[in-house]
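Visitor: Sequence:
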Amino acid sequence: MASHLRSSSLPSSPRSNEAGVEQQLESLKTILSSPSVTIDTMCHCLRRLISIYNGIEEMMCTPSNQVSLCQTLQRKAVEEELGRSLVLLDLCNAMQESFTDLKMTVQKLLLSLNRGDEAAAQVKAYIQLTKKAHKQFKKLCRKTTTDEKDCRVVKVLEEARLISTLLLESTSYLLSMQFEMPRRSIISKTFQKGILMCEEEQLQALECSIRDLESGAQLLFRRLIQCRVSLLNTLHS
Numbered sequence: 001m002a003s004h005l006r007s008s009s010l011p012s013s014p015r016s017n018e019a020g021v022e023q024q025l026e027s028l029k030t031i032l033s034s035p036s037v038t039i040d041t042m043c044h045c046l047r048r049l050i051s052i053y054n055g056i057e058e059m060m061c062t063p064s065n066q067v068s069l070c071q072t073l074q075r076k077a078v079e080e081e082l083g084r085s086l087v088l089l090d091l092c093n094a095m096q097e098s099f100t101d102l103k104m105t106v107q108k109l110l111l112s113l114n115r116g117d118e119a120a121a122q123v124k125a126y127i128q129l130t131k132k133a134h135k136q137f138k139k140l141c142r143k144t145t146t147d148e149k150d151c152r153v154v155k156v157l158e159e160a161r162l163i164s165t166l167l168l169e170s171t172s173y174l175l176s177m178q179f180e181m182p183r184r185s186i187i188s189k190t191f192q193k194g195i196l197m198c199e200e201e202q203l204q205a206l207e208c209s210i211r212d213l214e215s216g217a218q219l220l221f222r223r224l225i226q227c228r229v230s231l232l233n234t235l236h237s
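Note that the sequence shown covers residues 1 to 237 in full-length UniProt numbering.
Be a bit skeptical, because a hint or two may be false.
Straight line, CA to CA, 20 Å or less: simulated EDC-like cross-link-like pairs of lysine to aspartate or glutamate [as the list claims (entries may be wrong)]: (1) K135 x E97; (2) K132 x E214; (3) K108 x E97; (4) K135 x E214; (5) K103 x E169; (6) K131 x E169; (7) K131 x D101; (8) K108 x E214; (9) K132 x D90; (10) K29 x E158; (11) K155 x E26; (12) K124 x E97; (13) K131 x E214; (14) K135 x D90; (15) K155 x E57; (16) K155 x E58; (17) K132 x E97; (18) K135 x D101; (19) K76 x D150; (20) K131 x E207; (21) K124 x E200; (22) K155 x E79.
Here are the computed distance ranges between Cβ atoms for each label pair [as the list claims (entries may be wrong)]: (23) N114 x C70: 54 to 64 Å; (24) S33 x Q226: 25 to 35 Å; (25) K76 x N114: 56 to 66 Å.
To be clear, the hints were calculated from the coordinates, so they are not data collected in a lab. Ideal Cβ positions, reconstructed from N, Cα and C, are used throughout, including at glycine.
Whole structure, please, built from the sequences with the hints as guidance.
Guide: Laid out in structure tokens, this is it:
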């Protein structure tokens with residue numbers, strides 16, 4: 001798994017860059033479909049996805065692709081993808097806020113454990129936050145397909161959007177599962193010292209992972225905006 005997660009720089013020549021972007025998207029899809037993915041895996045995938053969007057923007061800036069994107073036959077497909085990108089931006093922003101809320105909830109849980117207080121309220125708040133995050137994906141559940149005549153950039157943009165959605169949804173699911181097993185011991189009023197230390201270490205690791213996810217979502221949000229701006233500039237140039 002580690003070899004798959006190792007980030008590689010995208011090729012520089014136009015044709016190899018396009019092939020490299022497509023290969024990295026396919027690789028990312030394979031990783032996300034694995035039953036052994038973890039929250040740490042998602043942190044790595046977020047960084048890779050940001051790198052892929054850098055490559056997509058480079059694709060859009062090549063003269064041949066700019067000409068293709070501005071053609072009358074492609075304009076409708078480009079405008080439709082621009083519309084869908086707004087939904088992804090909203091989703092990414094919502095998940096960023098969700099990560100921030102979850103991080104704060106875990107911090108409160110740590111305080112409760114350290115004080116020996118009842119932590120049921122914090123656990124309940126965490127679970128409610130993850131359920132709320134799940135609802136954000138309903139808008140993107142509709143299957144969209146590109147036409148065979150659509151240019152390569154449009155197809156890559158759609159694939160990247162779908163993988164972005166899958167990544168965020170899978171991350172939300174993994175976060176919601178964090179209290180399925182340790183839930184009873186966390187909300188128990190009687191802690192054994194060893195159990196308490198174990199729970200505290202787990203929560204500290206979870207807080208660190210959520211912090212990474214929060215940072216990754218921020219970077220992805222900015223990259224999505226930049227990619228959208230570049231596409232709009234190409235259409236109106």
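Visitor: Give a verdict on every hint.
Guide: Against the structure, the hints:
Of the supplied pair hints, the one linking K135 and E97 holds, its CA atoms being roughly 14 Å apart against a limit of 20 Å. Proximity of K132 to E214 is assessed by CA-CA distance (about 16 Å); at most 20 Å being required, the pair is judged to hold. A threshold of 20 Å between alpha carbons decides the hint, and for K108 with E97 the separation of about 17 Å falls inside it, so the pair holds. Annotation: proposed proximity of K135 to E214 holds, straight-line Cα distance about 18 Å (limit 20 Å).
Of the pairs offered as hints, the one joining K103 and E169 holds, with about 17 Å between alpha carbons and a cut-off of 20 Å not exceeded. The suggested pairing of K131 with E169 holds, with an alpha-carbon distance near 11 Å, which does not exceed 20 Å. Restraint check for K131 and D101: the C-alpha separation of about 13 Å stays at or below 20 Å, so the hint holds. This hinted pair checks out: K108 and E214 have alpha carbons roughly 17 Å apart, not beyond 20 Å.
The suggested pairing of K132 with D90 holds, with an alpha-carbon distance near 14 Å, which does not exceed 20 Å. The suggested pairing of K29 with E158 holds, with an alpha-carbon distance near 13 Å, which does not exceed 20 Å. Taking the CA atoms of K155 and E26, the gap is near 13 Å; set against the 20 Å cutoff, the hint holds. With a C-alpha separation of about 18 Å, the suggested pairing of K124 with E97 holds against the 20 Å cut-off.
Simply put, K131 and E214 have alpha-carbon atoms about 17 Å apart, close enough for the 20 Å limit, and the pair holds. At roughly 13 Å between alpha-carbon atoms, K135 and D90 fall within 20 Å of each other, so this suggested pair holds. Between K155 and E57 the alpha-carbon distance is near 13 Å, which keeps this suggested pair within the 20 Å criterion. For the hint pairing K155 with E58, the CA-to-CA distance comes to about 15 Å; that is within 20 Å, so the pair holds.
Among the hinted pairs, K132 with E97 is consistent with the structure: their alpha-carbon atoms are about 11 Å apart, no more than 20 Å. Restraint check: the Cα-Cα separation between K135 and D101 comes to about 16 Å, which is no more than 20 Å; the hinted pair holds. A threshold of 20 Å between alpha carbons decides the hint, and for K76 with D150 the separation of about 10 Å falls inside it, so the pair holds. As the CA atoms of K131 and E207 are separated by approximately 18 Å, the hinted pair is consistent with the 20 Å bound.
For the suggested pair K124 and E200, the alpha carbons sit about 17 Å apart, so the restraint of at most 20 Å is met. For the given pair, K155 sits about 13 Å from E79 by alpha-carbon distance, which is consistent with the 20 Å threshold. Roughly 60 Å separates the CB atoms of N114 and C70, a value that falls within the hinted 54 to 64 Å. Checked against the hint of 25 to 35 Å, the pair S33 and Q226 passes, with Cβ atoms roughly 28 Å apart.
Checked against the hint of 56 to 66 Å, the pair K76 and N114 passes, with Cβ atoms roughly 58 Å apart.
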